[in-house]
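Visitor: Full structure from sequences and hints, please.
Chains A and B, in that order, are what the protein sequence lines are.
Numbering follows the numbering used here, with no gaps: position 134 of the first sequence is 121.
Numbering follows the numbering used here, with no gaps: position 308 of the second sequence is 690.
Treat the hints as calculated values from the structure; they're not laboratory data.
Quick caveat: nothing in here was measured; it's all calculated off a predicted structure.
Do not take every clue at face value.
[As the list claims (entries may be wrong)] Listed below are several chain A residues computed to face chain B (Cβ distance under 8 Å; list not exhaustive):
no., residue
1, Asp3
2, Gln7
3, Met8
4, Leu11
5, Gln39
6, Ser40
7, Ala61
8, Gln62
9, Leu63
10, Gly107
Yeah, the Cβ is synthetic: ideal placement off N, Cα and C, and Gly gets one too.
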Amino acid sequence: MTYPAQLVELIEEFQDVDDQMERLEMVFEMADEVVLIPIDDWTDHTRVVGCQSEAHVRVSLDDGKVLMASAADAQLVQGLMGILTIAINGSAPAQALLLSPAFAQEMGILKSLSPSRSNGFRNMFDKVMLEIRGLVE
Amino acid sequence: MALRDDFPILQRMVHGHPLVYLDNAATTQKPQVVIDAMNDYYTQSNANVHRAVHTLAGEATDGYEGCRTRLKTWFNAERAILTSGTTEAINLVAHAWGRANLVKDDAIVLTEMEHHSDIVPWQMLAEERGIEVRYVPVLDDFTLDMDVYAASLEGAKLVCVVHTSNVLGVRNPLEDIIRLGHEAGAKVLIDAAQGVPHDRIDFEAFGADFMAFSAHKMCGPTGIGALLVRPEVFDEMEPFMGGGDMIETVTIEGSTYQTNEHKFEAGTPRIAEAIGWDAAFGWMESLDLKQEHKRMLEIARYTAAELRALGMTVYGRHDDADSAVVSFLHPTLHSEDLAHLLDAGGYAVRTGHHCAQPLLHRLGISSTVRASFYLYNTMEEAERFIAQVKIILERFV
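Guide: Laid out in structure tokens, this is it:
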């Protein structure tokens, strides 16, 4: 999988860290990277269904480029949203759709990418990709 | 602790740290004797049961039926149907007994404390048959409202209650629940998935009509469980799944069925799993479960007290008969975040709604972190767990 340059850089940064706790701390810090959906704008439409945490995403096009806004009550999920934001915001939809969720594994953050209640990241990733598809179809 | 040496998985490292497994209410680890028994079956005796006359088939049949015999002895029960687990056992009651005995406007009594597996099958049956489902509320002290329970029995045909809550660890007043249920003319089903790992129940003395539980929560394999049924109620059950092994004769015109437990075990059963479960019982036989229960509860009480001192809300009371389950929440650090951070240090805990959403709704929360202890856990592990929680709070809150 070829990732956008900014994501490759992040993956390498994460791979350089041996301690899992430190790695999680780095993900938590990425939570600030999201384009935040204020809590008052959280709706059933923005909600990531089947997630343990309260997670919300909204994708739109800005001048033909992807603009993902998001928020979660769990720092880890919002941190992963922040990483996804860095990876796809400002990209052409077709390019964003090429992204695989495997980067979260490659970063050493998640063991499993199977969609499930315990995998807020995968549910969130799938919803973002579905919304991008909806915008271009 | 020599007992721990029986569990090879306890030697593994997670993220560079020794595994501290505290997710036992979800599933327990397996001692080497269970792994060996299943391995031996596949390497030496693999064959189908109840059919062929060759040596391997005989060994497989003896192994499979040996598990049933063990269940009957361990629980003092006359009828033991092998299922895929607690969920299938409860669904079997809904289909095999419920469909044959419940009609429109009958009532079933459940509680807010039930696992989804003891709610959803009844909701499905209720919708299909026009049956009323009543729920006994949970009080602020995490116990069932027994006044509402008594009042809800009027006209009820079935009571379904969890033995011990998988979220709270609270052991319900089952003796009263069964007695009152029977006095009202209802049958009583006990979901004992969290009960049998800690308490060696005499099913006949207990008095319930049905008792469902799983092997994997008591050191046995996944994919197998049992439904114990009182003999007179067993006779009220109609076959649910049709197929091989459950029939007596099959002709073009129709079929007749077995009259024993095989009637409810259509198809090739879980042979290796039954053999593994039998080995787990054999392994547990040497333990003083009452003493072990006391020890585990002491660990849970220590953990609950320490977590409270760290500002956590702990859900549960840890009375003498309760299980060693500690559900808790931090006021600001999300349960999922805390669980990931604990995992980074090798600590396996569960988060989420624990398949008990009505209970969590009643408690006004959507998830907890749950640490649940079993036979191989030690006080030293609990102390390390608390130390790790302190480190996390200092670093991330």
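Visitor: Would you check whether Gln39(A) satisfies its interface hint, that is, whether its CB is within less than 8 Å of any CB in chain B?
Guide: Holds - the Cβ of Gln39(A) comes within 8 Å of chain B, reaching about 5 Å at its closest.
Visitor: Can the hint on Leu11(A) be confirmed by a CB-to-CB distance to chain B that is less than 8 Å?
Guide: At about 6 Å, which falls below the 8 Å cut-off, the nearest Cβ of chain B leaves the hint on Leu11(A) intact, so it holds.
Visitor: For the restraint on Gln62(A), tell me whether the closest CB of chain B is nearer than 8 Å.
Guide: Hint on Gln62(A): holds, closest Cβ of chain B at ~5 Å, below 8 Å.
Visitor: Given Gln7(A) as an interface hint, is the shortest Cβ-Cβ distance to chain B below 8 Å?
Guide: holds (4 Å)
Visitor: Using the nearest Cβ pair, does Gly107(A) come within less than 8 Å of chain B?
Guide: Holds: closest Cβ of chain B sits about 7 Å from Gly107(A), inside 8 Å.
Visitor: Interface hint check: Leu63(A), Cβ to nearest Cβ on chain B, cutoff 8 Å. Holds or violated?
Guide: Cβ of Leu63(A) sits 5 Å from chain B, so the hint holds.
Visitor: Asp3(A) was flagged as interface toward chain B. Is the shortest Cβ-Cβ separation under 8 Å?
Guide: violated (16 Å)
Visitor: Double-check Met8(A) for me: the hint is only fine if its C-beta lies closer than 8 Å to a C-beta in chain B.
Guide: holds (4 Å)
Visitor: With 8 Å as the cut and Cβ atoms as the points, is Ser40(A) at the interface with chain B?
Guide: Holds. Min distance 5 Å.
Visitor: Would the hint on Ala61(A) stand, with a C-beta cut-off of 8 Å toward chain B?
Guide: holds (4 Å)
Of the numbered hints listed earlier, the single one contradicted by the structure is hint 1.
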